[in-house]
Structures are given as C-alpha cells and as structure tokens.
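K.L.:
The primary structure of each chain is shown beneath.
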Amino acid sequence: MSASADHPRPRPSLFASSLRIARDPLVLLILAILVLGSLTSEYYLTMRNLETLLRFMAVIGLLSLGVTIVMLTGRIDLSVAAIMVFSVISAVVFTKLLGGWIGERWVVRGNSFVGPASVVFLATLVVGCVLGLMNGIGIAHFKVSSFIMTLVTLTALRGGNYILTDGHPYYLQSDAFRWVGNADFLGIPFSFLVFCSVLAFLAWLMGRTNFGRHVYAIGGNEKAAIYAGLKTNRIVILTFMISGLCSAVAGILFTSRLASVDAPLASGYELTAIAIAVIGGTALSGGVGSPWRTLLAAVAFAAGLNLLSIWGVSTWYQNLAIGLTLLIAVGLSPASRKRLQL
Amino acid sequence: MTAPLLQVQDVSRSFPGVKALSDVSFSVEAGEVHALVGENGAGKSTLLSIMNGLLQPDEGQILAEGEPLTLGGPADAIAHRLAMVHQELVLCPNLTVAENVFLGRETAANGESRSNQGVVARTQALIDEIKVDLDPNALVGDLSLNERQIVEICRALSSRPKVIVFDEPTASLDDEQTEHLLEIIRKLRQSGLGIVYVSHRLSEIFAISDRITVLRDGKVVGTTRAEGITEQKLVSMMVGREYDPSSMSYRERNLGEVALEAINLTSKGHFAGVSFRVRKGEILGIAGLLGCQREAVVRAIFGALPVHAGSIEIHGKPVRIGSPRQAIDHGISFMPADRKDEGLVLDMSVEDNLCLTVLDSLSAGGLLRSGKRRDLTRSLIARLATKVSSRKQPVRGLSGGNQQKVVIGKWLARKGDIVIAEDPTRGVDIGAKAEIWSVLQEMASEGKAIILIASELEELLGACDRIIAMNRGRVTSEYLRKDFDAEAIAHSFVA
Chain A
38 MSASADHPRP RPSLFASSLR IARDPLVLLI LAILVLGSLT SEYYLTMRNL
88 ETLLRFMAVI GLLSLGVTIV MLTGRIDLSV AAIMVFSVIS AVVFTKLLGG
138 WIGERWVVRG NSFVGPASVV FLATLVVGCV LGLMNGIGIA HFKVSSFIMT
188 LVTLTALRGG NYILTDGHPY YLQSDAFRWV GNADFLGIPF SFLVFCSVLA
238 FLAWLMGRTN FGRHVYAIGG NEKAAIYAGL KTNRIVILTF MISGLCSAVA
288 GILFTSRLAS VDAPLASGYE LTAIAIAVIG GTALSGGVGS PWRTLLAAVA
338 FAAGLNLLSI WGVSTWYQNL AIGLTLLIAV GLSPASRKRL QL
Chain B
783 MTAPLLQVQD VSRSFPGVKA LSDVSFSVEA GEVHALVGEN GAGKSTLLSI
833 MNGLLQPDEG QILAEGEPLT LGGPADAIAH RLAMVHQELV LCPNLTVAEN
883 VFLGRETAAN GESRSNQGVV ARTQALIDEI KVDLDPNALV GDLSLNERQI
933 VEICRALSSR PKVIVFDEPT ASLDDEQTEH LLEIIRKLRQ SGLGIVYVSH
983 RLSEIFAISD RITVLRDGKV VGTTRAEGIT EQKLVSMMVG REYDPSSMSY
1033 RERNLGEVAL EAINLTSKGH FAGVSFRVRK GEILGIAGLL GCQREAVVRA
1083 IFGALPVHAG SIEIHGKPVR IGSPRQAIDH GISFMPADRK DEGLVLDMSV
1133 EDNLCLTVLD SLSAGGLLRS GKRRDLTRSL IARLATKVSS RKQPVRGLSG
1183 GNQQKVVIGK WLARKGDIVI AEDPTRGVDI GAKAEIWSVL QEMASEGKAI
1233 ILIASELEEL LGACDRIIAM NRGRVTSEYL RKDFDAEAIA HSFVA
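These protein sequence lines map, in sequence, to chains A and B.
All you need for this note's numbering is the position in the first sequence, starting with 1, plus 37.
All you need for this note's numbering is the position in the second sequence, starting with 1, plus 782.
What the hints contain is simulated information worked out from the structure, not anything from laboratory work.
Backbone N, C-alpha and C fix where the C-beta goes; we use that ideal spot for every residue, glycine too.
Fair warning: there could be bad hints in the mix.
As the list claims (entries may be wrong) - Below, simulated DMTMM-like cross-link-like pairs (lysine to aspartate or glutamate); rule was C-alpha separation at most 20 Å, straight line: (1) B:Lys1099 <-> B:Glu961; (2) A:Lys268 <-> B:Glu1043; (3) B:Lys1197 <-> B:Asp1142; (4) A:Lys260 <-> B:Glu1077; (5) B:Lys1050 <-> B:Asp924; (6) A:Lys260 <-> B:Asp1123; (7) B:Lys1197 <-> B:Asp1111; (8) B:Lys1001 <-> B:Asp1120; (9) B:Lys1015 <-> B:Asp999; (10) B:Lys1122 <-> A:Glu259; (11) A:Lys268 <-> B:Asp1142; (12) A:Lys268 <-> B:Asp1123; (13) A:Lys260 <-> B:Glu911; (14) B:Lys944 <-> B:Asp999; (15) B:Lys1215 <-> B:Glu1013; (16) B:Lys1215 <-> B:Asp915; (17) A:Lys260 <-> B:Asp1120; (18) B:Lys944 <-> B:Glu814; (19) B:Lys969 <-> B:Glu1013; (20) B:Lys969 <-> B:Asp992; (21) B:Lys1015 <-> B:Glu1043; (22) B:Lys1099 <-> B:Asp1142; (23) A:Lys133 <-> A:Asp212; (24) B:Lys944 <-> B:Asp924.
Stated by the list, open to error - FRET-style restraints, in silico, Cβ to Cβ: (25) B:Gly854 <-> A:Asn356: 31 to 39 Å; (26) B:Arg1178 <-> A:Val181: 29 to 37 Å; (27) B:Arg1151 <-> A:Ser182: 31 to 39 Å; (28) A:Gly360 <-> B:Ser941: 48 to 56 Å.
With the hints as extra help, turn the sequences into a complete structure.
P.N.:
If you want it as structure tokens, here you go:
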C-alpha cells in the first residue's frame, strides 16, 4: 500500500545493528582468524606483528579501494599495481632531472636518491591522476573495453619501469621517506592512518554525494543512467582517476617503507586488489559493493595471510588459500545468487 | 475416463512474509488451451516456476496423466514432457537457430545423429511441423523478436512435450505477429498437445483459450469456459471489484501552441524524412508495426540515436540535441518500453531511482539532502499509488506495473514539458494500466506535450488526440481523433 511508505519505520537499535554486523560472514572470518592466531602463536597478537599487518593492509587496501570504485561502474582496473610503482619511479626520475636543471645532484653513488621527498610525493600523485585520466578517456570516450585498456596500461607501464630505472633500484634516502615509512602514532602506523582517511573520504563520497549515486546507477544499469541524463563519461573518467590516485598514494607508502623502488615491485598486486574487492562483495558486473565491505575484506585478507606466514605456510599454499577464499566469496556473493532468483 | 495430461493439485507455496499460492488447482486436457490470468502479484510466476521445477511447492503436487511428479529442475520438467516458452527470450544471439534449438542436447542419449547436419535437419522438421518460414542456419541475433519466439517454440517442441506452457509470449509482439503466434498455437492444440497460456492481453485470451482459470492473491478465483464469460466479467474476477472501462478513456482538452516539431528528420539505416508536430496538451500517437522504426524516431528526438539530416524545433526555436542530457535540458522526458534494460537501475531503491533525474536540484554542492529526497519520493509514490513496502525497497522486487510507475515518477519529478512514453503499459496488469493511462491524461491536461507509442492500436485509439502511422521508416498518414478508424489506420501500416 502507498500508505506504508509513509510510515516512519522504527530505527534499528544500536544493539540490533551491532548484532547484524556481527553476523556478517566477513566479520566472523576476521574474528576466527584473530582467535586462531592468538591461540596458535604467541607472536600473532603482539604490537609488532599487528603493525606489520596494518602496514601491509594499508597498501593492498588502497589498491582495492581504487579498484572497488572502478568496479562499481561495471568496469575493471588491471593497472593499479603498475601505476603504483610507475608513478613513484617516474616521480623520482622527474625530480632527478629537475635537480639537474637547477644544478643539484640528487642521485648519488649507488643510485641513492637524496632529493626533496615532497617534490617526489607531489609528482607521484600527479602521475597517478594523469594515468587514471588516460585510462578513463580511452575507456569512456574511445570506448575501449576497460579490461583491454588497463591491460595495455599495465603492460606499457611495466615496460616503462625498466626503461626509467635501467633495471636498477633507486634507494630513497631522506628523512621524509623514512618518516612516512616508519612513523606511528600510539602504535598505529602512519600508512594505516592514511588508508583510513582515504577510506573515510571514499565512503562519504559513495554514500553521501550525487557522484556516489551516479556511480552506482551506471554500474546498475548504464543505459538507464544515460537516459536519465547523467554525465556518464565524466563519472567513469573520475572513477579511474580516483583509482590512479589511490595507487599513487599506495606507491608512496609502499616504497617509503622499503626505502627503495624497483621496476618489478608489486607484480601481481592488481589481482590481489581485485580479489579483495570481490571477497568484499563487489560485483564484477557493477552496481553492488561498498568501500566499507572492501575494508572488511582487506582486514580479513591481510590477517589471514599474515597468520599463514607465521605458521610457516609457503607462498604456494598461501596462493592456494587465496584462491579458495575467492571461490567461497564468489559463491556467497549476492550477485551470483541473483541469477537463481525468480 | 482418462486422467488429464497435467494436473496441479492443491499447490501452496509461501515466501518469507507472503503466501504466494494457496491451494491452487487446475488441469489441462489434451487438445486444450487453458489460460491462466491474474493481475501482477496474483501468483502466476510462482505457479509457473513450480511447474518448471524451479521452485518446490510447500504442499500439493503436480500430476502428469495421473502420476505424481517430482520436479527438481527444468530438466526434470522436460523429461516429464512438460516444456516452457519463456516470456523473456533466453537464446544465444551468437548461435544459429538450429544450435539454439538443440543447445545442451547436441549429444544424443539414444544414438540419434546429432551431427550439425542432423541438428539442422531436425530443426527444419520442427519448423515445417508448425508451418512457418525460418532458416535453421540463420543467426538468432539477426532475427526479429517474433522469429526468436518461434525458435523458442521449436526448442520446446524438440523435447516432444505433451504440455507446453507459454508465459506471456506476446509481450513484445505487435498485433500481426501475435495473430501469427496464435495460429501456431492453434495448430499445436490440434495435434493433441495441452497448452497453458499466460497473458495480460485479454483479447488474445478470448481468441485462443478453451478454459480460463483466474488467479487473485495466490488463490484460484474460478475456472470457466471461455465462451461463457464476458471480458468485463473476467476483469472483475481478476481485480476483485467491478471494472470501469471509462477510467481509461480520453478526456477533452484545449490544445496549446506547438511544443515540438520534427522537420524532415533522417537517421541513416532507421528512418527518413520524418516530420510531425505535437502541441501543448496534446497526446500524439505513433502507430505502426514492429520494424516501422517509431522507436528509432523517439530515440533520435531524445538524443540517443544520431540524426543525419533534418531539424528539431522546441517551442518554435531550432535546437541541437546530441545526447539524452541535452534533450533533458530542453525539457524532454523519455519513458522507455524496456524498463529493465533502459528505464531502471534494478538494484537501487525506489527512492534512488525516482530521484536519479533530479539529484542536482535535491542536493547542495553535490551533497545528498535526504529530507528533500524523502519528501519528493513520498509525494511521487502517493501520486502514482505505487505499491511499495518502503521507499528503500530495491525496484527489482516490484511488480511490472509498480516498476513502470517508478519510471513515470522519475520523469514527473523532472517536470519536463515534452514527454515521450513508449509502451507505458507493457506487461502491466489491468488495474495499474488504468492508473497509468489516467496519469498520462492528467499530464496532458496540465499542458505537457506527449508523444505516445503503444503496441496495441486499441490503446492509441483510446488515449490520443492525433495519430500518425509509420511504415518502414516513413510517416504514411495522419488521423485526427474525430477521424479515428482502426481499420484504416491498420491498413496504412502496410500500404
């Protein structure tokens, strides 16, 4: 009845909503991993391990957040890990050249970079954005499929990495890099705080703004979105720019921690990022998913992988475990169940 | 006396919160067309799903020639010689007719030849059996909708069924194609098959069925012989109250100045030299058969299809429309016929869908304002008498009629003064139909210019001030309301 729509429905109580969250399979999975970890290893729940875990999660989480936003439009971004490394490398090289122009030598013996980190950071973000823009323009305006377009970007940038570094790593030696890589507040790593801020911003963007509604509409039914007069091209391009920017931020955090950047770094991370988004319930067909769910998936993923490492499980079996988790996640996801619905 | 071919016995089925079917019984005899009718939500889809093995009944059973069946899935249904022709055609466009007909059954269980030639020959035999003209080697993607329907029928026939269930087979066919389909069904009946026929279109029901079972709110209201009942009585049974046909009727209006004029519009490959005008307060119908390109004409006006020559004037001023966005900025609204493909974002809520066209005006600096959205949504839901459990309900779960009301509401919110409505009552039940027609009449009375496409000529005759007829991409004739003559108009489609 039409009247029922006007009835203010009672808000679910705090207790009820926390019960609902607690029943979420991902939350249960995280709890199970934490309990299992603390029972089987005295090392698991130590500050030091948790810090490592959060640092890893921040990087991989940022990549999956970017991928999530793109996937919500029904597209895919395979180039996130390549952008993450390329943006830092190109920023370092750019800064080196900049130094050359003003007569400074910022790369010293042993390929150590000692120039201003702030210039590198800024340039990294700009490169990430521009690469996202290029992806977006190719996909939105030239109608290249996102799979192909970002595969091309991935391949080209991986090549570009070797060309720019000549196959040698750059060592990032300045206090700013060290600080970004190692600082923590009350035991919480800086990189994790950055991740949280990006998450909060994206959650707000997707949940509280027109832009967010438009992204969901495009992923849910692109034709209906076009017919409703949405500027779909512009929105799609923006999602790829967000993804590029997330990758650049992840690149800064990742390479600062390592205090170096090398061409083959983070190979295959794009698939991990997509896996996390899918485990979080993001539909490959678009329109379903949220940054919050991606957060839960990233936590579960990082915590689980960390535990497997502590147990001494080899990488091969870790990969097998990721595969199985992915299979279960896809099986449980509403998107795959939808087809059976009548 | 022999047992009926198919018997549904006291079937009940509940879903969380709803009893979709309670104690439903009916039977199909050999050589009989048994129609199932009811408004959306009456339980037809649930019943068909149970008959197809997709759902299990909570109580009751299905018997074939007296034998109780256990149907675990569509494959079981086919094995028990119960075939289904679906409303939404489920075919692979990239395969040929023959490949589609035998899809999944290329290897024979009983040693029959299923080589490519064998499959083609057997498909040809099926095509001959229903006496139609179709090339088994044609690509399904190249076929028209009614030809695809024939492929579906061949697929159903290929399993040698005793009973075929047709689920709204004419939903996307025009009058001529419908007649063609009914002819095929008559032949099938003659050959001794039992047919279950589900449709919203009462004229077909009366044209084809021997018996009619009416469902309402999950219960059988009654089963009657088709010749013993009038249309009005049948509708009353369906809606559960006396039916007033005048609610769908035309209202006299004053026409204003020209709101939109198309001058010699041409879109290559679709239509050429199309000119017409529509005034404020006028409902202009475009009549024609499938393939007459009237859908292309309205899409071109809405900027969704390129215009290669000619011009469009709005309120006397020439405008350039290159995208739906620009069309909307010029005050044009477009309600597409295909709700699921073009009209709605199914996984978004009623509110999100209703507000999609007007988000900018409901927000401040790009931020959503939930209060304004809520107020607008409530007023639209109330104005259109939309049945929803909550404004947050995903539109996927709504019935066809209510989904259509959301599409209309979306454009009511936008307040455009030129409205294009394409088949606004397709797949919508009688009650909702009347409401939708009355909303369109109201919109015209408010001074909006309306361009209407409807698959049934009857509906255009009932609603429009003026009708233009199209044939193969050209406007062939024009009729004012006082000169409306169904036969003459239908004739001009094919002339």
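K.L.:
Evaluate each hint against the coordinates.
P.N.:
Cross-check of the supplied hints:
{"no.": "1", "hint": "B:Lys1099 <-> B:Glu961", "result": "violated (44 Å)"}
{"no.": "2", "hint": "A:Lys268 <-> B:Glu1043", "result": "violated (26 Å)"}
{"no.": "3", "hint": "B:Lys1197 <-> B:Asp1142", "result": "holds (14 Å)"}
{"no.": "4", "hint": "A:Lys260 <-> B:Glu1077", "result": "holds (15 Å)"}
{"no.": "5", "hint": "B:Lys1050 <-> B:Asp924", "result": "holds (19 Å)"}
{"no.": "6", "hint": "A:Lys260 <-> B:Asp1123", "result": "holds (7 Å)"}
{"no.": "7", "hint": "B:Lys1197 <-> B:Asp1111", "result": "holds (11 Å)"}
{"no.": "8", "hint": "B:Lys1001 <-> B:Asp1120", "result": "violated (30 Å)"}
{"no.": "9", "hint": "B:Lys1015 <-> B:Asp999", "result": "holds (18 Å)"}
{"no.": "10", "hint": "B:Lys1122 <-> A:Glu259", "result": "holds (11 Å)"}
{"no.": "11", "hint": "A:Lys268 <-> B:Asp1142", "result": "holds (12 Å)"}
{"no.": "12", "hint": "A:Lys268 <-> B:Asp1123", "result": "holds (18 Å)"}
{"no.": "13", "hint": "A:Lys260 <-> B:Glu911", "result": "violated (40 Å)"}
{"no.": "14", "hint": "B:Lys944 <-> B:Asp999", "result": "violated (29 Å)"}
{"no.": "15", "hint": "B:Lys1215 <-> B:Glu1013", "result": "holds (16 Å)"}
{"no.": "16", "hint": "B:Lys1215 <-> B:Asp915", "result": "violated (35 Å)"}
{"no.": "17", "hint": "A:Lys260 <-> B:Asp1120", "result": "holds (11 Å)"}
{"no.": "18", "hint": "B:Lys944 <-> B:Glu814", "result": "holds (11 Å)"}
{"no.": "19", "hint": "B:Lys969 <-> B:Glu1013", "result": "violated (25 Å)"}
{"no.": "20", "hint": "B:Lys969 <-> B:Asp992", "result": "holds (14 Å)"}
{"no.": "21", "hint": "B:Lys1015 <-> B:Glu1043", "result": "violated (43 Å)"}
{"no.": "22", "hint": "B:Lys1099 <-> B:Asp1142", "result": "violated (26 Å)"}
{"no.": "23", "hint": "A:Lys133 <-> A:Asp212", "result": "holds (17 Å)"}
{"no.": "24", "hint": "B:Lys944 <-> B:Asp924", "result": "violated (30 Å)"}
{"no.": "25", "hint": "B:Gly854 <-> A:Asn356: 31 to 39 Å", "result": "holds (37 Å)"}
{"no.": "26", "hint": "B:Arg1178 <-> A:Val181: 29 to 37 Å", "result": "holds (30 Å)"}
{"no.": "27", "hint": "B:Arg1151 <-> A:Ser182: 31 to 39 Å", "result": "holds (37 Å)"}
{"no.": "28", "hint": "A:Gly360 <-> B:Ser941: 48 to 56 Å", "result": "violated (38 Å)"}
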